[in-house]
Amino acid sequence: MARMKFLCDADRCIECNACVTACKNEHEVPWGINRRRVVTINDGKPGERSISMACMHCTDAPCAAVCPVSCFYTTADAVVLHSKDLCIGCGYCFYACPFGAPQYPRVGNFGSRGKMDKCTFCAGGPEADITKAEYDKYGSNRLAEGKLPLCAEMCSTKSLLAGDGEIIAQIYKERVVKRGYGSGAWGWKTAYKETIAT
Amino acid sequence: MTKLLAQARYIVGALALAFIVAVAAPAAAQQATSVNPTASAVKEEQLLQQLQQVQGRISIPDAQASTLIQPAGQNWRQFHQVTLPWIGAIAILGMIVLLLVFYLSRGMVKIESGRSGRTVVRFNSFERFVHWVTATCFIILGITGLNITFGKQLLLPLIGPEAFTAWSLWGKYAHNYLSFPFAIGVVLIFLIWIAGNIPNRTDINWIRRGGGLFGKDHPPAYRFNAGQKMIYWIVIIGGTAVSVTGYMLMFPFYGTTMAGMQLAQVVHGIVALLFVAAMLAHIYIGTMGMEGAFEAMGTGTVDENWAKQHHPLWLEEEKGKAPSGATPRATPAE
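In the order they appear, the protein sequences are chains S and Z.
The working numbering numbers the first residue of the first sequence as 1 and each following residue consecutively.
The working numbering numbers the first residue of the second sequence as 1001 and each following residue consecutively.
Incorrect hints may appear among the rest.
Estimated spans, in silico, between C-beta atoms of each pair [claimed, not checked]:
| # | chain 1 | residue 1 | chain 2 | residue 2 | range |
| --- | --- | --- | --- | --- | --- |
| 1 | Z | Thr1083 | S | Gly44 | 38 to 48 Å |
| 2 | Z | Tyr1173 | S | Gly32 | 16 to 26 Å |
| 3 | Z | Leu1213 | S | Ala76 | 58 to 68 Å |
| 4 | Z | Trp1233 | S | Ala76 | 26 to 36 Å |
| 5 | S | Gly32 | Z | Tyr1177 | 21 to 31 Å |
| 6 | S | Ala128 | Z | Gly1298 | 55 to 65 Å |
| 7 | Z | Pro1181 | S | Gly32 | 30 to 40 Å |
| 8 | Z | Phe1180 | S | Lys189 | 36 to 46 Å |
| 9 | Z | Ile1194 | S | Val107 | 37 to 47 Å |
No farther apart than 27 Å at their CA atoms in a straight line, the calculated lysine-lysine pairs in the DSSO-like style are these [as the list claims (entries may be wrong)]:
| # | chain 1 | residue 1 | chain 2 | residue 2 |
| --- | --- | --- | --- | --- |
| 10 | Z | Lys1152 | S | Lys137 |
| 11 | Z | Lys1043 | S | Lys193 |
| 12 | Z | Lys1043 | S | Lys158 |
| 13 | Z | Lys1043 | S | Lys189 |
| 14 | S | Lys173 | Z | Lys1043 |
Derived coverage of chain S by chain Z (criterion: at least 3 residues anywhere in the stretch with Cβ under 8 Å from a Cβ of chain Z; other residues may be distant) [said to hold, decoys possible]:
| # | segment |
| --- | --- |
| 15 | 35 to 48 |
| 16 | 66 to 79 |
No lab work stands behind these hints: they were computed from the structure.
By construction, the Cβ of each residue, glycine as well, lies at the ideal position given by its N, Cα and C atoms.
With these hints in hand, go ahead and build the complete structure from the sequences.
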């Protein structure tokens, strides 16, 4: 089994936000919820870089650790998923998450939180694969269809890579060697306790 | 003539452009190899070291999403998973052990001269109403709160994930809604009993004599002794702290940042657990710990001999109020 990871090559991201749009469209994500976003650092200054960020599907995921009802689980592909049937919308995973991945629809009392929603690595949820029930709660399950996450698949500059960690790290390494520079795999140290040596 | 001149200008211009391009092209190519496009690029590690987080600009309305990486979440995780459960376990189990040891060694504190049969009013119906509304809310808030911190380890394996989620979801609703009567109760408790709870000189004597907890001693007190005053101020200060931080958590990110939310949870968790531990002592001494104590909050009246033993100065005050000098507001036993 693969160890699925995301890698955003900041030297290639042009902040077109197509990954954000593709994700919202593919999973019919409701208003106000962004499973993926693009953050631009040092905007308008020399050295500006944009990074596309979603759930990184951490090793030893902080969200799963702090969840008071244990609604998270890790698949055989190391994708961190959760059950919306078990989630109580307490918001603790958002406090613990280093990447701001958990999102909450504002449906609860006092305009606060409903059941948490986050990037599924296009792998659905605990329901049976490729069913309506699964789609309604978590969006499409592309992994079950043998496809990789749509955000990375349609990235126009191939900045965003998704797939087995070793393979995408190898692709990134080759790029860095060929072009002679690279600003590193953003978030990898925090998420996976490792970096890509280049 | 002018037409010809204009055409000549075009030709000269085109030639000049061609010349510039021809000369400049190799120079530009040379420059590309000497420039490192990442020389001034932002570096993740550097940002994390300098700012403890990575922050940028975002084009979606959710301004909070502009934080790319917040490693402070790891510290909060450590607190929530390790520090808080330990504080809670030590405070609550420690208090239970302490009370057990106290009960086994001292037993119930008796009314030494027995019941007189005459009673005196200690808490009127409004005072009792406020006490019990606040107390009921506190117990439910306490249990549902403890469930959030300890339920996963203690209850989830017993009843299974579906039942545990159903119970925790109702617990969350109860915790949210009952916070309102609880907070109002704390305010009312502050108002109705503040007069008797200002620390004074008798408290020093009471504390010096250990509050009569050990041996047969019963240091005199007015309406509230130093121990009760401590409970009062724990309720006022602790209740205010859990209410304020609780509403911060209930209305997330209304004027608070991520660090503010994490801090609110830290304060809420610690204060609430210590509060529960303190209230265990209060419940003990008000029920099985002392003969004649519960009826003060039960029926509202206490036996005169109980008052003489524990609150003689208060009893004198109450008697002094009576016009005839006889036992005021006291009713003979049936």
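Hints and how they fare:
At roughly 42 Å, the beta-carbon separation of Thr1083 of chain Z and Gly44 of chain S lies within the given 38 to 48 Å, and the hint holds. Taking 16 to 26 Å as the suggested C-beta distance range, the pair Tyr1173 of chain Z and Gly32 of chain S conforms, at roughly 23 Å. Judged by the Cβ atoms, the range 58 to 68 Å given for Leu1213 of chain Z and Ala76 of chain S holds: they are separated by roughly 60 Å. A hinted range of 26 to 36 Å for the beta carbons of Trp1233 of chain Z and Ala76 of chain S is inconsistent with their spacing of about 55 Å.
Take Gly32 of chain S and Tyr1177 of chain Z: their Cβ atoms lie about 25 Å apart, and the range 21 to 31 Å holds. For the hinted restraint 55 to 65 Å between Ala128 of chain S and Gly1298 of chain Z, the CB-CB distance of approximately 57 Å keeps it satisfied. A C-beta distance of roughly 32 Å is found between Pro1181 of chain Z and Gly32 of chain S, which places it inside the suggested range of 30 to 40 Å. The beta-carbon spacing between Phe1180 of chain Z and Lys189 of chain S, approximately 44 Å, falls within the hinted interval of 36 to 46 Å.
Checked against the given bound of 37 to 47 Å, the beta carbons of Ile1194 of chain Z and Val107 of chain S, roughly 41 Å apart, stay inside it. Among the hinted pairs, Lys1152 of chain Z with Lys137 of chain S is consistent with the structure: their alpha-carbon atoms are about 24 Å apart, no more than 27 Å. Taken as a hint, the Lys1043 of chain Z and Lys193 of chain S pair is honoured in the structure, with Cα atoms around 17 Å apart against an allowance of 27 Å. Between the alpha carbons of Lys1043 of chain Z and Lys158 of chain S the distance comes to roughly 20 Å, so the proposed pair stays at or under 27 Å and holds.
Restraint check: the Cα-Cα separation between Lys1043 of chain Z and Lys189 of chain S comes to about 13 Å, which is no more than 27 Å; the hinted pair holds. Taken as a hint, the Lys173 of chain S and Lys1043 of chain Z pair is honoured in the structure, with Cα atoms around 17 Å apart against an allowance of 27 Å. Under a criterion of three residues with beta carbons nearer than 8 Å to beta carbons of chain Z, the stated coverage of the segment 35 to 48 of chain S is upheld, 10 such residues being counted. For the segment 66 to 79 of chain S, the assignment as covered by chain Z holds, since 6 residues bring a beta-carbon within under 8 Å of that chain's beta-carbons and 3 suffice.
In summary, the structure is inconsistent with hint 4 from the numbered list given earlier, while agreeing with all the others.
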